[in-house]
Structures are given as C-alpha cells and as structure tokens.
Amino acid sequence: MRWDIIIPLAIYLVLLIGIAVWAFNQRQAVQTGGKSAEYYIAGRGLGWFILIFTLLASAASAGTYIGGPGFGYEWGYGWVLAAMAQVPATLLVLGVLGKKFAIVARKLHALTVTDFLRHRYGSHVVVILAAIGIVASLMVYMSAQFVGGARILQEITGVPYVWLVIIFAG
Amino acid sequence: MSETRERTGAIEEDFTEDPRYAASRREMIISFVYFGVYTFVLIGVAWLIGGGKDADEIGFILGFPDWFFWSAYVGGAIFSVVPYFLVKYWFVDMPLSASGEDSEVGEYESPERRSGEPSPQD
Chain A
0 MRWDIIIPLA
10 IYLVLLIGIA
20 VWAFNQRQAV
30 QTGGKSAEYY
40 IAGRGLGWFI
50 LIFTLLASAA
60 SAGTYIGGPG
70 FGYEWGYGWV
80 LAAMAQVPAT
90 LLVLGVLGKK
100 FAIVARKLHA
110 LTVTDFLRHR
120 YGSHVVVILA
130 AIGIVASLMV
140 YMSAQFVGGA
150 RILQEITGVP
160 YVWLVIIFAG
Chain B
0 MSETRERTGA
10 IEEDFTEDPR
20 YAASRREMII
30 SFVYFGVYTF
40 VLIGVAWLIG
50 GGKDADEIGF
60 ILGFPDWFFW
70 SAYVGGAIFS
80 VVPYFLVKYW
90 FVDMPLSASG
100 EDSEVGEYES
110 PERRSGEPSP
120 QD
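Residue numbers (numbering that gives the first Met the number 0), protein chains in the order written: chain A, 0 to 169; chain B, 0 to 121.
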C-alpha cells in the first residue's frame, strides 16, 4: 500500500466531491424550467474551451491506457497508424452533427438523443428501446472501465483489486 | 377536389425550411470530405513509403520508421492546421437559438440584458 500515492488521489476525490456539492448549491438558483438543462448540459453556457476537454476526456479511457499500448506493443507502428484514424473523427462528429443538432435541439428543447427520437417518432416503444440499448451498451463499456482503472491503480498503489473495483463502481 | 388541392397547397406553403439547415448540410459534406481525404492521405503516404519493404530497408527519422513519420506526424500536423482554414473560409457563423436571433437573449433572462433596457419605472 503506497500511501504517498493514495493520499493525493484521495484528496483529489474529495475536491471533486466538493465541486459537485458547490454545483448542487448553484443549481438551486436556476429558475424553474431550466433545471434539467442545467444538470445535463450546464445550461448550454460552457463554450468551446470546455468542449475541447470533453472530447479529450472521451478519448481518455481504459482503452487508451491499457488496450492501446498493449496493441501497440504487439503489432507495432501499424496499429498506431490505424488508431490515428480517430483524429479526424473529432471534426467529423462536430461538423456532421454539431450545427444541425444544436439548432434542432434548441427548437425542441431536447437534451439527449432519446428526446430527439421521441419528438421524431412520437412512439413510446422507440423511446423505451433506445433507453434499453443505451443502458445495455453503457453497462458493457463501464465494466471495461472499472476493470481497467482498478488494474492500473492496483499496480500503482498496491490496494487489492477487489477494493478498487468497488470504489470505482461506487 | 379543389378543396383538397387548396389544403395541400396551404400545407406546403406553410412550411419553409430553416435556411440554416442548408448551411449545416454543406458543413456536414465538408466534414465528410475532410475525413475521407485525411484517411486516404494517411494510408496512402504510409503505403507508398513503406509498403512491402523488409525491416532492413526501412529508414528511420528521429527514431521512428520513415513511413510512420511522414504519414502520421507530418500528415497529422498539416491536417490539424487545415480545419482552421476550413472553418474560417467555408463555414458560416450563425446564431444557434430557436428563433434565429442573437443567442444572448435566450430563455434565461440574464441581468446584463436588463441593465441595457429602460426599466418600466422610467
């Protein structure tokens, strides 16, 4: 148990929880009708700078830390070249979906993709299926994140693997 | 007969498509073209420089294989600068709010707006 690494991590976690509590108190001041937008997308007021960090955070996952280097070690630079294809994917996502989604979402007051589907098709079945699909795929994705993060932290800090998975999931 | 024709005509005339959608569509096509060109250049340059060579024949630049250096690093650097010019010259700056007006005046009445207008007491 390497305490010189665990303690800064714990302090960082406490800071994050503090920011969440502060944001919760800020949220009380938002007028009614805007609370969902304030929670999900920060009231549409974050701007381009935070968008960059959102994209970077999406790219930084267990795949980037464990899977990517593992593949690179086994297959060499050819795999790294193939992974470079996700560089223009960022502009593709923003360019294809950005403007049209932004305009239509402001008209519909839609916050998520499921809102879009509900407005487009008007059918409960579509919305329920979309929600089930999102939850199922996120379960799979998040379990990979738990395993990857717990393995990394186990190697770094020496805390037993099971504890780390429980902490991550919590 | 003429009644239904009038009704369908009225329905078609009532709906005018938001003119911002056409610009959005053009930007979508530009993004696709950018993605396609980037991928094509990345793979093409890598294959042209390093395709089918034995490990002894590959030259090294800064420690990296030359095909990787030219395709991923140099190509990536050039294509990271290209979007700046794409957006500057080809993309249209437009307000995103629902009504098409300036997005500062939106759902949340911000205090800055109130201070600029004459208040009802004046």
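What the hints contain is simulated information worked out from the structure, not anything from laboratory work.
In this text, a Cβ means the ideal position worked out from N, Cα and C, and glycines have one as well.
One or more hints might be untrue.
[Claimed, not checked] A few chain A residues that don't get close to chain B, going by computed Cβ distances all over 10 angstroms:
no.	residue
1	10
2	23
3	58
4	84
5	93
6	125
7	128
8	130
9	169
[Unchecked claim] Example chain B residues on the side facing chain A (calculated, C-beta under 8 angstroms, incomplete):
no.	residue
10	19
11	20
12	30
13	45
14	46
15	58
16	76
[Claimed, not checked] Keeping only pairs whose Cα atoms sit at most 25 angstroms apart, straight-line, the calculated SDA-like set for lysine to any residue is:
no.	chain 1	residue 1	chain 2	residue 2
17	A	106	A	127
18	B	87	A	53
19	A	99	A	130
20	B	52	A	78
21	A	106	B	52
22	A	99	B	31
The hints, checked one at a time:
Every beta carbon of chain B lies more than 10 angstroms from that of residue 10(A), the smallest distance being close to 35 angstroms; the non-interface claim holds. The beta carbon of residue 23(A) sits about 18 angstroms from the closest Cβ of chain B, which is more than 10 angstroms, so the claim that it is off the interface holds. At roughly 15 angstroms from the closest C-beta of chain B, the C-beta of residue 58(A) stays outside 10 angstroms, upholding its exclusion from the interface. Here residue 84(A) does not stay apart from chain B, with its beta-carbon only about 6 angstroms from theirs, under the 10 angstroms limit.
At the 10 angstroms boundary, the C-beta of residue 93(A) falls inside the reach of chain B, the nearest C-beta of that chain being 8 angstroms off. No beta-carbon of chain B is positioned within 10 angstroms of the beta-carbon of residue 125(A); the least distance is around 23 angstroms. The Cβ of residue 128(A) lies farther than 10 angstroms from every Cβ of chain B, with a closest approach of about 26 angstroms, so its non-interface assignment holds. No Cβ of chain B comes within 10 angstroms of the Cβ of residue 130(A); the nearest lies about 25 angstroms off, and the non-interface call holds.
For residue 169(A), the non-interface assignment is confirmed: its Cβ lies about 34 angstroms from the closest Cβ of chain B, beyond the 10 angstroms cut-off. Look at residue 19(B): its Cβ gets to within about 6 angstroms of chain A, closer than 8 angstroms, so that hint holds up. With its C-beta approaching chain A no nearer than about 7 angstroms, residue 20(B) sits inside the 8 angstroms limit, and its interface hint holds. A least Cβ separation of about 3 angstroms between residue 30(B) and chain A falls short of the 8 angstroms threshold, and the interface hint therefore holds.
Because the closest C-beta pair between residue 45(B) and chain A is about 6 angstroms apart, less than 8 angstroms, the hint holds. Of the supplied interface hints, the one on residue 46(B) is violated, with its beta-carbon coming no nearer than about 10 angstroms to a beta-carbon of chain A, more than 8 angstroms. For residue 58(B), the suggested interface contact is broken, since its CB lies about 14 angstroms from the closest CB of chain A, more than 8 angstroms. Violation of the interface hint for residue 76(B) is found here, the shortest Cβ-Cβ separation to chain A being roughly 11 angstroms, above the 8 angstroms cut-off.
Proposed proximity of residue 106(A) and residue 127(A) is supported: the alpha carbons are some 23 angstroms apart, at most 25 angstroms. At most 25 angstroms may separate the alpha-carbon atoms for a hinted pair to count; residue 87(B) and residue 53(A) meet this at roughly 23 angstroms. Of the pairs offered as hints, the one joining residue 99(A) and residue 130(A) holds, with about 23 angstroms between alpha carbons and a cut-off of 25 angstroms not exceeded. Between residue 52(B) and residue 78(A) the CA atoms are separated by roughly 17 angstroms; this keeps the pair inside 25 angstroms, and the hint holds.
With a CA separation close to 56 angstroms, the supplied pair residue 106(A) and residue 52(B) exceeds the 25 angstroms bound. Distance hint between residue 99(A) and residue 31(B) is fulfilled; the C-alpha atoms sit about 15 angstroms from each other, no more than 25 angstroms.
Taken one by one, the earlier hints fail for this structure at numbers 4, 5, 14, 15, 16, 21, listed in ascending order.
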